[in-house]
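Here the protein sequences line up with chains V and P, keeping their order. According to our numbering, the first sequence is numbered sequentially starting from 1. According to our numbering, the second sequence is numbered sequentially starting from 181.
Don't take each hint at face value.
[As the list claims (entries may be wrong)] In silico negatives: residues of chain V with every beta carbon more than 12 Å from chain P:
| id | residue |
| --- | --- |
| 1 | Thr4 |
| 2 | Leu10 |
| 3 | Gly66 |
| 4 | Leu69 |
| 5 | Gly70 |
| 6 | Val73 |
| 7 | Asp122 |
| 8 | Glu130 |
| 9 | Ser134 |
| 10 | Gln178 |
[Claimed, not checked] With a Cα cut of at most 30 Å, we get these calculated DSBU-like pairs of lysine-lysine:
| id | chain 1 | residue 1 | chain 2 | residue 2 |
| --- | --- | --- | --- | --- |
| 11 | V | Lys158 | V | Lys135 |
| 12 | V | Lys135 | V | Lys169 |
| 13 | V | Lys169 | P | Lys343 |
| 14 | P | Lys296 | P | Lys283 |
| 15 | P | Lys283 | P | Lys260 |
| 16 | V | Lys158 | P | Lys343 |
Simulated from the structure, these hints should not be mistaken for laboratory data. Predicted, not measured: the structure shown is a model, and the values here were computed from it. Every residue, glycine too, gets a C-beta built ideally from N, C-alpha and C.
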Amino acid sequence: MESTAHSDRLAGYSSALMDIARAEGDVDSFVDEFYSAAKTILGTSELRETLTDARIPVVRKQGIVGDLLGPRVNGVVVASINFLIAVGEARSLEEVASRVAQLAAEEEGTVVAEVQSAVALDAGQVARLEAALSKATGKRVQAKVVTDPALIGGLVAKIGDTVFDGSVKSRFADVREQWG
Amino acid sequence: MLSLMTQAFLLFEEATPAAEEETSGVALLLPDKNEAIAGIIAFAIVFFFIWKWAVPALNKTLEARQQAIRSELEAAEASKVEAESLLRDYEDQLSGAKAEANKIVDDARASGEQVKADVVARAETEADQIKERAHGEIVGERERVAGELRRQVADLSIDVAEKVVGSSLDAEGQRELVDRYIDDLGGVH
Chain V
1 MESTAHSDRL
11 AGYSSALMDI
21 ARAEGDVDSF
31 VDEFYSAAKT
41 ILGTSELRET
51 LTDARIPVVR
61 KQGIVGDLLG
71 PRVNGVVVAS
81 INFLIAVGEA
91 RSLEEVASRV
101 AQLAAEEEGT
111 VVAEVQSAVA
121 LDAGQVARLE
131 AALSKATGKR
141 VQAKVVTDPA
151 LIGGLVAKIG
161 DTVFDGSVKS
171 RFADVREQWG
Chain P
181 MLSLMTQAFL
191 LFEEATPAAE
201 EETSGVALLL
211 PDKNEAIAGI
221 IAFAIVFFFI
231 WKWAVPALNK
241 TLEARQQAIR
251 SELEAAEASK
261 VEAESLLRDY
271 EDQLSGAKAE
281 ANKIVDDARA
291 SGEQVKADVV
301 ARAETEADQI
311 KERAHGEIVG
321 ERERVAGELR
331 RQVADLSIDV
341 AEKVVGSSLD
351 AEGQRELVDR
361 YIDDLGGVH
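With the rest of the complex left out, here is chain V (with noise of 0.2 Å):
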């Protein structure tokens, strides 16, 4: 039951997160700079190893995290991230900051769908997206969208276990398994 406790403990990290976000004022910017950094700049493998590796003192990590996003990002966010990392949970950066953007998204009464695409997505893109994502979910959807250049092309929505892959490496991997 070791990971329902750790589930049960990200929940409560999540909604302790919003409501800091709550009393800082602005909910949707601190989300969306919380979920873009831990998904995008935190996200990224390297980063992800220095910042679990057991070895590496909390100091450094934080002061890696702090020098990375630096100005560029609201302080309130850099002191979540480094509050995660100080009590050991920096391999769960990536899911903590899924659920807040999912809590964020239930109190506006819509669901969240994490996108991943291979180029940043213009605001009319993303309108459209969100628009069509809602007529084929039937829900308000909100789309959170970072990118990653290793889809090749196209982009992967997904509505909380529902993904809508439209990405040129998932096409690849299809035709690689008919073919294997």
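Given the coordinates of chain V, assemble chain P onto it according to the supplied hints.
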């Protein structure tokens, strides 16, 4: 013998008167009457003894001898018969033994041939099996290698294709891909 003696006596009776009348001719050959009587009596006594004891004893001896010879003959006959039957038995046994020996030899030859045929058949079967297995292994190996090759070629081709597509997709192409997928999402559902 008795009748012979009686004849001799009668002959003597008839001859006696003639001898007394003249001692000539045949009478010269004839004995005197008293001498003849004494001779006859002595002869009769001797005859009697001989007839009474000697002849029976002789007869008995002869008979015994005859009997002995006969029994010997019979024994010999019996021995011969027995010998013949033994001979026949031996011959029978010999021919039986010969037949049995022949049969054993025939059987041995037949079973030897059977064993030979079995060994040959088994060897052929095993050879076939080995051949078949080897063939199956060769086919399996060929298919495995072909599959591996196909997979490798596919992997390489797809790797190359990924790189080509990745480098040939410009900003416009990327945008078009995203737009088309968004349209698909909105349209299909």
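Outcome of the hint check:
1. Thr4: holds, 34 Å
2. Leu10: Check passes; 30 Å lies beyond 12 Å.
3. Gly66: holds, 33 Å
4. Leu69: holds, 27 Å
5. Gly70: Correct as stated: the minimum Cβ-Cβ distance to chain P is 28 Å, above 12 Å.
6. Val73: The claim holds: valine 73 of chain V sits with its nearest Cβ about 26 Å from chain P, beyond 12 Å.
7. Asp122: violated, 8 Å
8. Glu130: It is violated; glutamate 130 of chain V is separated from chain P by about 10 Å at its closest Cβ, not greater than 12 Å.
9. Ser134: violated, 9 Å
10. Gln178: Label violated. Min Cβ-Cβ 9 Å, cutoff 12 Å.
11. V:Lys158 <-> V:Lys135: holds, 15 Å
12. V:Lys135 <-> V:Lys169: Between lysine 135 of chain V and lysine 169 of chain V the Cα gap is close to 25 Å, so the pair holds against 30 Å.
13. V:Lys169 <-> P:Lys343: holds, 11 Å
14. P:Lys296 <-> P:Lys283: The hint holds at about 19 Å.
15. P:Lys283 <-> P:Lys260: It is violated: about 33 Å lies between the C-alpha atoms, which goes past 30 Å.
16. V:Lys158 <-> P:Lys343: The given pair, whose Cα atoms are some 26 Å apart, holds under the 30 Å limit.
The structure shown violates the earlier hints numbered 7, 8, 9, 10 and 15.
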